[in-house]
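Chains as they are written, first to last, in our numbering: chain A, 1 to 241; chain B, 1 to 262; chain C, 1 to 647.
Quick caveat, the hints were computed from the structure, so don't treat them as lab data.
Given the structure is predicted, the values throughout are model-derived calculations rather than measurements.
Treat the hints loosely; a few may be bogus.
[Claimed, not checked] Within a straight-line C-alpha distance of at most 20 Å, the following computed DMTMM-like cross-link-like pairs (lysine to aspartate or glutamate) qualify:
#1 A:K219 to C:E344
#2 B:K229 to A:D215
#3 C:K316 to C:E335
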Amino acid sequence: MGRTLTFKIFRYNPTKDNDQPHIEAYRLEEIPRLNVFSALNMIREQQAPDLMYDFVCRAGICGSCAMMINGRPTLACRTLTSDLPDTIELFPLPFFKLLGDLSVDTGVWFREMGERLESWIHTQKQFDPEAQEERMDNATANKIYESERCIECGCCIAGCATAQVYPDFLGAAGLNRIGRFLFDPRDERGDQEWFELVSTDEGVFGCLGMMACDDVCPKDLPLLEVFAYIRRKVSGMALAK
Amino acid sequence: MTPLDTELYPDAASRHGKTSEAYQIARKALRDEWISGLTGAVLAAFIWFHLLFESSILFGRSVYDRLALLLEHPLPLAHITLIVVGIVFFVHFIWASRKIPGKLRERKKMLELGVSIKQAAGRWEQDTKSDISLRKHFETSLWIWQVRTGMAVLAAGAFHLILITWNVFTDMGIVGQNPGISADIAVSRVASGLWILYAVLMAAVVFHMAIGVYRLLVKWFADTWFVRKYARVFYHFLLWFFLILGTATTIGLAGPWEGILV
Amino acid sequence: MRVITSDVLVIGAGLAGERTAIACAKEGLDVMILSLVPPRRSHSSAAQGGMQAALANSVMGEGDNPTVHWLDTVKGSDWGCDQEVARIFADNAPIAMREMAHFGVPWNRVKGGEQQVFIKGKKATITEDSVNEGLITARAFGGTAKWRTCYTADGTGHTVLYTMDNMVLQMGIPVHDRMEAIRLIHRDGRCIGAIVRSLRDGEILAYVAKATVIATGGYGRIYGESTNAIINEGTGSWLALQTGIVPLGNMEAVQVHPTGIVPTDILVTEGCRGDGGLLLDVDEYRFMPDYEPEKMELASRDVVSRRMKEHMLKGKGVKSDYGEHLWLDLRHLGEQHLKTKLREVYDICMYFIGVNPITELVPVRPTQHYSMGGIRVNKDGHAYNLEGLFALGEVACWDMHGFNRLGGNSLAETVVAGMVIGKEVAKYALQTDLSIELGLAEEAAQMERRKMDSLLNGDGTENVYEVRDEIGRILTKYVHIFRTGEGLQTAVDELKKQIERAKNVKVRTTAPGMNPELSTALRIEGMAKQAYTIAKGALDRTESRGAHYREDYPARDDSNWLNRTLVRWPDPDGEPVYEYEPVGLLDLPPGDRGYGGGQMIDMTKTVDEYNEQVDPGQTAKGRLSPSEATGARLPKEAWRAELEGKE
Ligand SMILES: Cc1cc2nc3c(=O)[nH]c(=O)nc-3n(C[C@H](O)[C@H](O)[C@H](O)COP(=O)(O)OP(=O)(O)OC[C@H]3O[C@@H](n4cnc5c(N)ncnc54)[C@H](O)[C@@H]3O)c2cc1C
Ligand code: HEM
Ligand code: HEM
Ligand code: SF4
Ligand code: F3S
Ligand code: FES
Numbered sequence: 001m002g003r004t005l006t007f008k009i010f011r012y013n014p015t016k017d018n019d020q021p022h023i024e025a026y027r028l029e030e031i032p033r034l035n036v037f038s039a040l041n042m043i044r045e046q047q048a049p050d051l052m053y054d055f056v057c058r059a060g061i062c063g064s065c066a067m068m069i070n071g072r073p074t075l076a077c078r079t080l081t082s083d084l085p086d087t088i089e090l091f092p093l094p095f096f097k098l099l100g101d102l103s104v105d106t107g108v109w110f111r112e113m114g115e116r117l118e119s120w121i122h123t124q125k126q127f128d129p130e131a132q133e134e135r136m137d138n139a140t141a142n143k144i145y146e147s148e149r150c151i152e153c154g155c156c157i158a159g160c161a162t163a164q165v166y167p168d169f170l171g172a173a174g175l176n177r178i179g180r181f182l183f184d185p186r187d188e189r190g191d192q193e194w195f196e197l198v199s200t201d202e203g204v205f206g207c208l209g210m211m212a213c214d215d216v217c218p219k220d221l222p223l224l225e226v227f228a229y230i231r232r233k234v235s236g237m238a239l240a241k
Numbered sequence: 001m002t003p004l005d006t007e008l009y010p011d012a013a014s015r016h017g018k019t020s021e022a023y024q025i026a027r028k029a030l031r032d033e034w035i036s037g038l039t040g041a042v043l044a045a046f047i048w049f050h051l052l053f054e055s056s057i058l059f060g061r062s063v064y065d066r067l068a069l070l071l072e073h074p075l076p077l078a079h080i081t082l083i084v085v086g087i088v089f090f091v092h093f094i095w096a097s098r099k100i101p102g103k104l105r106e107r108k109k110m111l112e113l114g115v116s117i118k119q120a121a122g123r124w125e126q127d128t129k130s131d132i133s134l135r136k137h138f139e140t141s142l143w144i145w146q147v148r149t150g151m152a153v154l155a156a157g158a159f160h161l162i163l164i165t166w167n168v169f170t171d172m173g174i175v176g177q178n179p180g181i182s183a184d185i186a187v188s189r190v191a192s193g194l195w196i197l198y199a200v201l202m203a204a205v206v207f208h209m210a211i212g213v214y215r216l217l218v219k220w221f222a223d224t225w226f227v228r229k230y231a232r233v234f235y236h237f238l239l240w241f242f243l244i245l246g247t248a249t250t251i252g253l254a255g256p257w258e259g260i261l262v
Numbered sequence: 001m002r003v004i005t006s007d008v009l010v011i012g013a014g015l016a017g018e019r020t021a022i023a024c025a026k027e028g029l030d031v032m033i034l035s036l037v038p039p040r041r042s043h044s045s046a047a048q049g050g051m052q053a054a055l056a057n058s059v060m061g062e063g064d065n066p067t068v069h070w071l072d073t074v075k076g077s078d079w080g081c082d083q084e085v086a087r088i089f090a091d092n093a094p095i096a097m098r099e100m101a102h103f104g105v106p107w108n109r110v111k112g113g114e115q116q117v118f119i120k121g122k123k124a125t126i127t128e129d130s131v132n133e134g135l136i137t138a139r140a141f142g143g144t145a146k147w148r149t150c151y152t153a154d155g156t157g158h159t160v161l162y163t164m165d166n167m168v169l170q171m172g173i174p175v176h177d178r179m180e181a182i183r184l185i186h187r188d189g190r191c192i193g194a195i196v197r198s199l200r201d202g203e204i205l206a207y208v209a210k211a212t213v214i215a216t217g218g219y220g221r222i223y224g225e226s227t228n229a230i231i232n233e234g235t236g237s238w239l240a241l242q243t244g245i246v247p248l249g250n251m252e253a254v255q256v257h258p259t260g261i262v263p264t265d266i267l268v269t270e271g272c273r274g275d276g277g278l279l280l281d282v283d284e285y286r287f288m289p290d291y292e293p294e295k296m297e298l299a300s301r302d303v304v305s306r307r308m309k310e311h312m313l314k315g316k317g318v319k320s321d322y323g324e325h326l327w328l329d330l331r332h333l334g335e336q337h338l339k340t341k342l343r344e345v346y347d348i349c350m351y352f353i354g355v356n357p358i359t360e361l362v363p364v365r366p367t368q369h370y371s372m373g374g375i376r377v378n379k380d381g382h383a384y385n386l387e388g389l390f391a392l393g394e395v396a397c398w399d400m401h402g403f404n405r406l407g408g409n410s411l412a413e414t415v416v417a418g419m420v421i422g423k424e425v426a427k428y429a430l431q432t433d434l435s436i437e438l439g440l441a442e443e444a445a446q447m448e449r450r451k452m453d454s455l456l457n458g459d460g461t462e463n464v465y466e467v468r469d470e471i472g473r474i475l476t477k478y479v480h481i482f483r484t485g486e487g488l489q490t491a492v493d494e495l496k497k498q499i500e501r502a503k504n505v506k507v508r509t510t511a512p513g514m515n516p517e518l519s520t521a522l523r524i525e526g527m528a529k530q531a532y533t534i535a536k537g538a539l540d541r542t543e544s545r546g547a548h549y550r551e552d553y554p555a556r557d558d559s560n561w562l563n564r565t566l567v568r569w570p571d572p573d574g575e576p577v578y579e580y581e582p583v584g585l586l587d588l589p590p591g592d593r594g595y596g597g598g599q600m601i602d603m604t605k606t607v608d609e610y611n612e613q614v615d616p617g618q619t620a621k622g623r624l625s626p627s628e629a630t631g632a633r634l635p636k637e638a639w640r641a642e643l644e645g646k647e
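Excised from the complex, chain A in its bound form (with noise of 0.2 Å):
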């Protein structure tokens, strides 16, 4: 307590003719339980009122304000500034679009993904409103929603060496998501169809195991484990036929 922060905070405004990015410091008097999604609030209404970055549910839960908190990835908003040292340096997300200063265009990739992997329950079945619902056991909704926890921040893929260098690599979340949908027994789609899909070097086997994914997702996915199913079940898949 009692603690002066300073703030050192990348800034960069692409829509702002000859900006060239560069580190700004901004100093704030500590108080108990501030977090990084306030203390950003403050330095906007005080200091930097042209500061951009993103927050919606300030509670960890939209996953929209994953930033660089000290060389890590995670979300700004559950972060509190007194598990920091005096200096704290934010920078926006890597591999994602810049849009300015900390706020990068995650949805964008994240729509792009979901659209490469149809992310979407494919069936032939039709609704019927007066019909029943078809029943699911409560351990396969549980292990389905194990995956479906993930709220897209991005984390996993700023912290992935791999995404960096391949960008058509799906990256852990992409992967994640296609073990959800591989869970699903709603999802009629064939073993080739998935194996076309997952085998891949854009897919599962783009991943080379650096593991940071799982270090820095702040759902704590069981992203490891994931993985592990995919590659057993498409190895499995390709010895099926």
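Position chains B and C with the ligands relative to chain A; hints supplied.
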């Protein structure tokens, strides 16, 4: 309420044929992954036995020689292993290195990432002169080191293999000596100064093997009951056990510790 | 100026907006969705608890049906709702849940056999019928007769929104995110689209469509302290109020939740108290038993909030840098319990305020949570007075919530309304021609450009953030749980000043692009004026109903106030115009809610007399005629069988 009909989903077969290009690509990707992984696993297993057998020098030359004889007679095991390992070594090198970023720019980026995921500049360039602190990510750095040690193993290991091949298949011009492995030759070779090369090869191969096994385990076997933590413990075990054993063996082969355990 | 055309323009990519878009796209219409943020970041994703639908699969839901659900909803609303709309909702909710299951929501399912649960904070065992194994299960929620709330663990809004957005992907519906609608384009009582500002680069565009749908969610952030997402600044309801002709309904009906944590105002669930958590004051004294000897911490939401506030007014609050608060004590529940059953709460406390609930007290205070009021629409979702404009979701006053909504009913509302209203939107768009009136669009855009110019280059002096904070402070102080004539009058006077200040704002940033300060400055007029309509509506309503509690008028007054407040703002520089209309057909006559106590003043009219004036009364206020006659969906006295069956 009229239902909202979701788009009917056509049979997979009608959208995809076995001869389709996508299918061929996927087959190849899977095969590639299996080849590099399996050859890596085979080499790792080989190295475990190899280093264990080599360490017999710590029990003295006679133990070493007896072991060597066991591997030569009645079956010429060493000859067979040499050929097999030589091929696997080569195949592994070809297949595993397909994952090494090829273009110089990419490689540079990847190496930077080993130092810090933050330096993965992405769409913006990091000012190298800035005083922004760097944060390492352990497993990412490990991967970089696997590539580096792989290169070292390629160079030193290939040299070693050629040397051993020459040794095993010829009498090396030493009159009266049977072709094959013997403590005398090993010690004289290592003690004559080659120990530097062996030390480097040993350290590199142990690192490479331990990291490789760690990642293989995580990549294929992670599960609710087999969590990464266990694989990491195993990695540390492999690394330190073989590093210590290997160091002792090198010193043994180079002279001072020969037969230290008897 | 770029002009983008489509058949249907949906403003808002939360559950309500996306479900509407899907319904329209299914009819072959060309749909465009706008959103402030990528769709999956919409506030719908933050809802954790669940969605109510009378599926009656769990043993604790046995005997449930849409009529029981409807009864709960009408009572919950304190008879302020439109009973026919509540009926449409309750009847369709089960279909909506099943459809979401078909789309891919991993609902939690019934597990046969004995289950350990908590009922009213005590451990209990229930036995699920194995016949129902694998069907969608449900949990308990406040104000409901049965366990009816369908859920996916504690991420219901998240999974439902993700599934919905997957459907949007599948149908190829474009979503333009980081786009803010700032003005409707309309003339002669017909809406033809909206002027939109890009939050990527500041560009001004016109989106023109046959039908325009507003589904922009709540306005909680006008209060400053709110459990809502920070993008919920009432920009959608402002679009309607700004027209001067479309009325907002029941703006004074604002729900407050007892336990938002301090300082971040994130919600911690009612389950904390359900499982035995206690409320303590500055002396770490347990005060609730003094006020509510019967139910103590577990009285209804509005009652607990009221008592907490009362206690703080007595000077027993804990002072902090973030204002006054009380303590929630969970320590005695033990580590095991907190790390399993209340894991989410544990995480929130640890991550957000660095408080470990196992060993420390959690700071909480009653916090604004939900807006029952909003853009007044008829039962087809068509806005009053403006053809071609529809609204649904939290932003609308379709009016199934009246003066108090039940937990789990609003998420369900978004999907059901999307189904029902979506079809009406499609019907409307299919029989309408696109009228692209470029002159009109240009005119509307010009007004916004002038506004921006004066904010950037004018000689204003006010700091927009200060004005925003002041509005929130006034509302939180005077128009919260307790309302008095005096306090509300102060609020009205103070807010009037804020409206003036809002006109005098100066934006310091001149940087091009997103310009976050300018974005806020553009919203401030709407925030100030809506705050005013809330305070004024509350001042005028001299009774207590649901969440609207007047200390000086503690009784519910059905003889004078069984009506809905409508407010329009025809003259931007003048005063808003207040009117009142009948709430809708009464099927269940006003009576006792069965909880909350309180006095009642009975109706002077008979129910039949009341019902006769509904149609003419509402039409006179600008209601467009709905596709079906009023009352067509309200099965008369279906509830009788239910209530009598019980006796
Ligand atoms: C913490 C919390 C927990 C809750 N839990 C529950 C629960 O358990 N059960 C339940 O039933 N209800 C719950 N609710 C209420 C419920 O979540 C909301 O009422 C509901 O999600 C509203 O959905 P919506 O589609 O109307 O709006 P939202 O989901 O808020 O979506 C609004 C959309 O409009 C867009 N938008 C806004 N303004 C503009 C503009 N000017 N231009 C363009 N786009 C715009 C936004 O970007 C967003 O996409 C909870 C609410 C809160 C705050
Ligand atoms: C010719 C020299 C060698 C080179 C250039 C080399 C290179 C590589 C590379 C780049 C990888 C990473 C591949 C990937 O991540 O998919 C790898 C993996 C591996 N290598 Fe080697 N290697 C060599 C020799 C060896 C030897 C001698 C061993 C045995 C000890 C070995 C064991 C492994 C293992 C177990 C893996 C893990 C396989 C995987 O992750 O799929 N390698 N090698
Ligand atoms: C079948 C093939 C092989 C045979 C027969 C063989 C044989 C030997 C022998 C006889 C020695 C003792 C030193 C000497 O005589 O020069 C030795 C040492 C060593 N070999 Fe091999 N080798 C084989 C393959 C490999 C491979 C593929 C590697 C790794 C790439 C390797 C790594 C080493 C190392 C590191 C040492 C030194 C041990 C130490 O100092 O601890 N060998 N090998
Ligand atoms: S997998 Fe984890 S880190 Fe990656 S986007 Fe999802 S929540 Fe974020
Ligand atoms: S960090 Fe990247 S390489 Fe794989 S294990 Fe995670 S996706
Ligand atoms: S703002 Fe939603 S996760 Fe941080």
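Hint-by-hint comparison with the structure:
1. A:K219 to C:E344: Holds, because 11 Å separates the two Cα atoms, which is no more than 20 Å.
2. B:K229 to A:D215: OK: K229 of chain B and D215 of chain A at ~12 Å, within 20 Å.
3. C:K316 to C:E335: violated (29 Å)
Of the numbered hints given earlier, the model fails hint 3 alone.
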